[in-house]
Amino acid sequence: MKLLSHFDNDYDEDGFRTCSVTGLNIHQDAERYVKIYGVTAVIALVIGGIFALTVALTRWELFSLVSEQNYYRHLSMHAWNILIFWMVFMEIAILYVGGPMVLGRKLPLPKLAGLGYILMLVGALGVNWAIWTTPAGADAPLLTAYVPLEIATEFYAFAIVFLLGATIAALPFFAAIWLEKRGNPGKTLPLVAFGAFITSIIAVQAILGGLAAFGYAFVWRVGIIETINTGIYRQLYWIIGHGSQQINLLAMITVWYFLTHVVGGAVVVSEKVSRSAFVLYLFFINLGAAHHLMVDPGVSVGWRVFNTSYAFYGAAFASMIHAFAIPAGLEVGRRQRGKGGGLFGWLTSAPWKNPIFSSTIFSIILFGFVGGITGVLMGQLQLNMTWHNTFATVGHFHGTVALGTSLAFFGLVFFVVKTMFRRDFISTKLAQIIPYFYAGAMGIATLMMMYVGILYGVPRRTSSAVENIPGTDFSLSAAELLFIPLGLGAVLAIVAGALFIVVTVASLIFGRRLEPGDDGGLIPDGGMATDGGITAEDIHAADMRGTFTMCLIFMATFVLLYILNWFLLTQLWQIGA
Amino acid sequence: MSTPLDPPKGNWWDIPVNRRESIWLGIAGAWSLAIFGWMSGFTRFGDQNPVGETYEVDPDEQWARTQDYLDDAETIEIDGREAVIPPDDSVYITGYRFAWEGLPVALEAGRQYDLHLGAYDVQHGFSVRPEDSLSQQINLQIFPDTEWIVPMTFEDPDTYHVICNEYCGSGHNGMHGKFYVREEL
Numbered sequence: 001m002k003l004l005s006h007f008d009n010d011y012d013e014d015g016f017r018t019c020s021v022t023g024l025n026i027h028q029d030a031e032r033y034v035k036i037y038g039v040t041a042v043i044a045l046v047i048g049g050i051f052a053l054t055v056a057l058t059r060w061e062l063f064s065l066v067s068e069q070n071y072y073r074h075l076s077m078h079a080w081n082i083l084i085f086w087m088v089f090m091e092i093a094i095l096y097v098g099g100p101m102v103l104g105r106k107l108p109l110p111k112l113a114g115l116g117y118i119l120m121l122v123g124a125l126g127v128n129w130a131i132w133t134t135p136a137g138a139d140a141p142l143l144t145a146y147v148p149l150e151i152a153t154e155f156y157a158f159a160i161v162f163l164l165g166a167t168i169a170a171l172p173f174f175a176a177i178w179l180e181k182r183g184n185p186g187k188t189l190p191l192v193a194f195g196a197f198i199t200s201i202i203a204v205q206a207i208l209g210g211l212a213a214f215g216y217a218f219v220w221r222v223g224i225i226e227t228i229n230t231g232i233y234r235q236l237y238w239i240i241g242h243g244s245q246q247i248n249l250l251a252m253i254t255v256w257y258f259l260t261h262v263v264g265g266a267v268v269v270s271e272k273v274s275r276s277a278f279v280l281y282l283f284f285i286n287l288g289a290a291h292h293l294m295v296d297p298g299v300s301v302g303w304r305v306f307n308t309s310y311a312f313y314g315a316a317f318a319s320m321i322h323a324f325a326i327p328a329g330l331e332v333g334r335r336q337r338g339k340g341g342g343l344f345g346w347l348t349s350a351p352w353k354n355p356i357f358s359s360t361i362f363s364i365i366l367f368g369f370v371g372g373i374t375g376v377l378m379g380q381l382q383l384n385m386t387w388h389n390t391f392a393t394v395g396h397f398h399g400t401v402a403l404g405t406s407l408a409f410f411g412l413v414f415f416v417v418k419t420m421f422r423r424d425f426i427s428t429k430l431a432q433i434i435p436y437f438y439a440g441a442m443g444i445a446t447l448m449m450m451y452v453g454i455l456y457g458v459p460r461r462t463s464s465a466v467e468n469i470p471g472t473d474f475s476l477s478a479a480e481l482l483f484i485p486l487g488l489g490a491v492l493a494i495v496a497g498a499l500f501i502v503v504t505v506a507s508l509i510f511g512r513r514l515e516p517g518d519d520g521g522l523i524p525d526g527g528m529a530t531d532g533g534i535t536a537e538d539i540h541a542a543d544m545r546g547t548f549t550m551c552l553i554f555m556a557t558f559v560l561l562y563i564l565n566w567f568l569l570t571q572l573w574q575i576g577a
Numbered sequence: 578m579s580t581p582l583d584p585p586k587g588n589w590w591d592i593p594v595n596r597r598e599s600i601w602l603g604i605a606g607a608w609s610l611a612i613f614g615w616m617s618g619f620t621r622f623g624d625q626n627p628v629g630e631t632y633e634v635d636p637d638e639q640w641a642r643t644q645d646y647l648d649d650a651e652t653i654e655i656d657g658r659e660a661v662i663p664p665d666d667s668v669y670i671t672g673y674r675f676a677w678e679g680l681p682v683a684l685e686a687g688r689q690y691d692l693h694l695g696a697y698d699v700q701h702g703f704s705v706r707p708e709d710s711l712s713q714q715i716n717l718q719i720f721p722d723t724e725w726i727v728p729m730t731f732e733d734p735d736t737y738h739v740i741c742n743e744y745c746g747s748g749h750n751g752m753h754g755k756f757y758v759r760e761e762l
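So the protein lines, in turn, are chains A and B. Under the working numbering, the first residue of the first sequence is numbered 1, with each subsequent residue one higher. Under the working numbering, the first residue of the second sequence is numbered 578, with each subsequent residue one higher.
Bound-form chain B, shown alone (with noise of 0.2 Å):
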């Protein structure tokens, strides 16, 4: 066997691998193959993919789309605070510096809805969790030029709340918006 600062001597590359180091080989290439492969299968039948149609769309056209949807929609009064009711199915949620246009927004529990998310000015992280089960999270990247459409059903009611988690700007640890999942609104 030959040492890491001399050349090897001889046909190295004929000499067997040892028992065990074959078997380990086998062990980890399969391995690597279920987890690509549960991982590819998990995108057709399982029910949490970051996937959704985008768009290119610049930050203006985002604004309007956004007012429109705002326009739209109607408001209900949850703790003292004013949530838009969306008019469909359609939720637009839009980050800037730094605050979420769209938010709060009262939604049904078990209904699927899309949202749609996109920023006005730089990248935003859209994370969120319910108010009573921290560890149930997810999060997002969010992009000024590109609005991606990501279909979500909450089934649980709760207060889910969204902080920023891709840095924004001094300021951005208080980007912060709630939704409000009810079984009825």
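Extracted from the complex, chain A is given alone in its bound form (with noise of 0.2 Å):
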């Protein structure tokens, strides 16, 4: 708490501030604690940044620097401190931005964000410890901690109490909804407030999810319960550890509404359209669990087919929606500021110079072709056959997490560090190069990803196949090539990622202070506020053609893709009843 009054704001007698970037009227307490989760979130991100090395140069099997005894205690610490920590962390600091902050009032009781912080925070601690402490050879939980492995019970524990910090952690949020729609009787939440309402709704079923499969799980490690049913266990587990990347998911896009707007100037085209396609993700993302259940025996045709599509892909529509009016509202925000014409002028003099928007950007663009295509590819019954438990899931996980939603967060934080924790960045020209480093370095790896796991088969969850599988002389070498740009892509984008701590913290310490009214830059050009506005009369004079242009590029990439997917299926042999 003392290192943080270092980097205090001045408040009104009622702790009320004015940001000079939003203009949002931001309370201490909403502050103070989004400062908390945010830092907490990139201490995880550093934690599982440095297990991303190791697991990459053991796949990397030109050094495989870690045994297979000890392999998989690193790949548990990579995955939960990543996609756990990291994300979960950051959504609750998102959460507080998106109630309290945008509805500009204060943060319902603190305490409970307080108790629900100091909950997460031992639950995340005794995560990494039951799994660092697991002997070597025993088994590791990784990210599924699957049933009946001989997991630690201390590892289902600690799971439980953080899911149950995240849980109070959101309440304060929920709360500020609440009032302000008690106080505000008929007034619509603001586009940005709606989204990150519903993800806490998501959040909410997941979480419940993932106390269901941790509780059984615990029940029967403690032996309270003497079997413990597969099936049944996987299904509960995906509620959490599908319905995660789901907030992932729901977080990022309420992300790239606030950040496309508050440093690209963009508007919302349409309201309704925009609403709807959140209502839609209300009501049939979750059944997207079912895509990890595809390849399992004992659930029926019916089943599988209804819940991977989120019955008849009423949420991949939802997502192609939001891939549409996004970009729209800033094609829409720049061309009424008179800023750039033709057909993509409006892009090509968009502020790419600024760290925060080019990797808003690079999220819309990679999350969209490289993790959302693959995703419903997978997620069809017959194509995740040749896709399930191999490098190429990796690959598609990369594309929606690694690429997608770390980059949006990479740009909240730089976001943070100048608004609220008021910091210049110590050197804008590193800050800048930081997302194009990144994306790049990271789509090569995902792409690579892909690649082996769908071309030659290479498994996931292994410490070694390309080179050695012991015991016998087989082996998926004719992948080796490919591992060369995969580890590479991957080492490089470490890089990368720790160039995004040093200059983060480095910020923090010795950046320039930010004056009140000094807006640090972030500014776009021309304002963020378009005049006047668009009426219903004129809304089909604006101009979306540039948007319209890439989605039908997004919409041939994804036809081609999906034919590609089917061919290579229908040439294997013939299986199934």
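Rather than coming from a laboratory, the hints here were simulated on the basis of the structure.
No more than 16 Å apart at the CA atoms, straight line, and that leaves these computed lysine to aspartate or glutamate pairs for EDC-like:
{"hint": "1", "chain 1": "A", "residue 1": "K353", "chain 2": "A", "residue 2": "D424"}
{"hint": "2", "chain 1": "A", "residue 1": "K181", "chain 2": "B", "residue 2": "D583"}
{"hint": "3", "chain 1": "A", "residue 1": "K187", "chain 2": "B", "residue 2": "D583"}
Hey, can you piece these two chains together into the complex? The hints should help.
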């Protein structure tokens, strides 16, 4: 707390201040907790990032850094710290931004924000401890902690503590929405607050699944029940296993709307369409948990087809709506201000030197083209046979989480450094290159993961398969060559990630203090809000042809990859009844 | 048009949608239904579906069945190793840490077999590919408490390699087995 007071801003007697970039009224409690949760998330990223290096240098069998006996501990550390702790601590911070800050309210129930934080921290430390003290050669949890592996009982216990903490930490957000709606009946929530609200409901669904799964495994491990059913655990587990990634998705999309607006000047082209897309998520996205059960025994075809498609692709449709609405908001907002003509002038003339802007745009493009398309492909019942548990799966979720969500969160962390910690970057040049460097390196690594998985069947979750399968001459050495760009891309992406941490931390400690009123160079050219706006009459005059063209390119890519994947599948021998 | 940080004013629901956005909604919606239709239809007309009967079975029973099957089976020597010749169309393959019971097995090309997939201990991954064409590979999840009967017909004579692709403990990287698919046995 003492350390944080170093970063305190000046508040009025009610505890509020006005943000010089967004114009939002920010209360000190909300701001303090956004900082605390954000900093903790970055620490988790550091730990997970260190293990990214040991994992990458093991899978790149030129090095085979970690032995089979120890590898799975390293993989578990990487998975839990990045996929869970970096993400969920950030997401609580996002809820406090999307709720109290956007609504200009106090943070209600600040003690619960503190209690939730402490429980999450204890849970996270405990999970790390349980993973790291797993004896060499004993069963490590990995992300999934699949039963009936004999995973440390404490692991399940601390995972439960973490989830309870996250639930408590979300309560102040719910209270803020409740108070806002009670105090202003009939008033609509701003889109960012609405997105955060839907995110939080999906989070609760996911957490309930997680408590059920880890609770079920826990009572089995301590001997209260004698047997545990593999299929039931998997169904329960994937409610959180997949659901937590849906929280990432919704939080990221909310951040996209937020950041394209505050640093790019984007508007909302249709409140109706964007909100409907969020509602589609609310109803359908968690059905996607079934993606992980496509090649499981014991689940019927009808159940699998309905759930994996989020009920006729309701949630994929929602994502394609956002894929249009967000760039269209940027296009219309910039065109209204006369920034850039032609088909793509609005985009090429955008503030690409602002790392917050560039990381947001790379996040949108790479998530859509790399993570989004592959997610739908591998989620198809039959195609899943060629993707399941191969390295291509790992490629998919590095496309969604490492490229999509992490890049968006990098942008958000930079934004928080400037607007809440009120520090200038220690080096603007260095900050500028990070999104390009990271997106490029991680993009290459991700594509290579997919190639080695689909074209050579290289499995995930193993310490060796390409050079050496112990006990046999057979290996997947044909994939060897592709591991060079994969390994180099991964190592460079980790370097870029380290650079992000260095710039963030150094800016916090040594960065020039931004005085009240200084926007730190963030306000988009021509201002954030447009003059007058567009009315019902002239909506059709708004020009969205650049976005429309990009979306057609996206659709063509999608169709092409779909056909290619199905072609590969139909080359296989006959399988199934 | 509104910003995402301010409440929209007036009756925002009734503001019409831009034509290009409407067209995109149509394209995205049609594509969503199309890929649903294809996936659903393929379960009826397609040749590759991860579908088969499943039975709950406890590991002891799974062990007994696999042993009965192995007792009934003949063996043949291929590449200096003894391979199982299944007595009929049923082929039992049971995973355990860190090997596949029932492998290697010798199968006839073009004949449909019922693969009885299961495990004695923990979850495993049944990942198969022919030696000469690594891009042709399929992956199925194997449970210790469930027997999954998946029919398969291997058309091309080749040696098929099975590796475990679900983490099943330290030593998992060496869990490997083979099918020999031959024109005649």
